[in-house]
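For the sequence shown, the residue numbers in the UniProt record's numbering are 1 to 157.
A few of these clues could be false.
[To be verified] Derived Cβ-Cβ restraints for the label pairs, each shown as a range:
1) K17 / E104: 16 to 26 angstroms
2) D96 / S3: 32 to 42 angstroms
3) R144 / G44: 25 to 35 angstroms
4) S87 / K110: 17 to 27 angstroms
5) Q32 / E104: 28 to 38 angstroms
In short, the hints are calculated from the structure, not lab data. Beta carbons are placed, not taken as given, at the ideal position from N, Cα and C, and that holds for glycine.
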Amino acid sequence: MTSPEQAFLALTAEADKGLPTSEAIVAAAFAQLQPVDAAYLTKGAGEWKGHSFSTGHPAHEKLKELNWAGKKFRNKDDVDPIVVYDSEGKRVWSADWGHAQLREMSYEGKNTIAMVYDNFPIIDYFRFVTPDLVVGAMDSKIMRECGTYYFFLTRIG
């Protein structure tokens, strides 16, 4: 029998190859995963590399345009929600997207840590896959008609 984590890892392998998937498949896998807490995301340097699922959600293309690098979680009150690669390939905070904070919130019946953007009506909810891989579900009031955007992060360092 395949664990929820193993099933999700198979989806990440397909995503890293650039293969498209459906939002429904990712959502079903996400629903089976366990919650995380702020300490999990801020552990070490709190730097995570971003990966995107190609589900047809417009955030996937937007993040590619931004040259998305990931996120940086310094502590529960100090998060860089959008880190990009600059022209030299260095990870830098995108000031256009502001900062964020981490708070425990309920999503689909499970309490987990969520990242709340300071300047945008966006909340990212996180679930555990491995000690160094977490999946996020972005709930955006301004893109609600587009569905949920799913992404995953791998710990750096």
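Non-conforming hints, listed in increasing numerical order: Violated hints: 1, 4, 5; rest satisfied.
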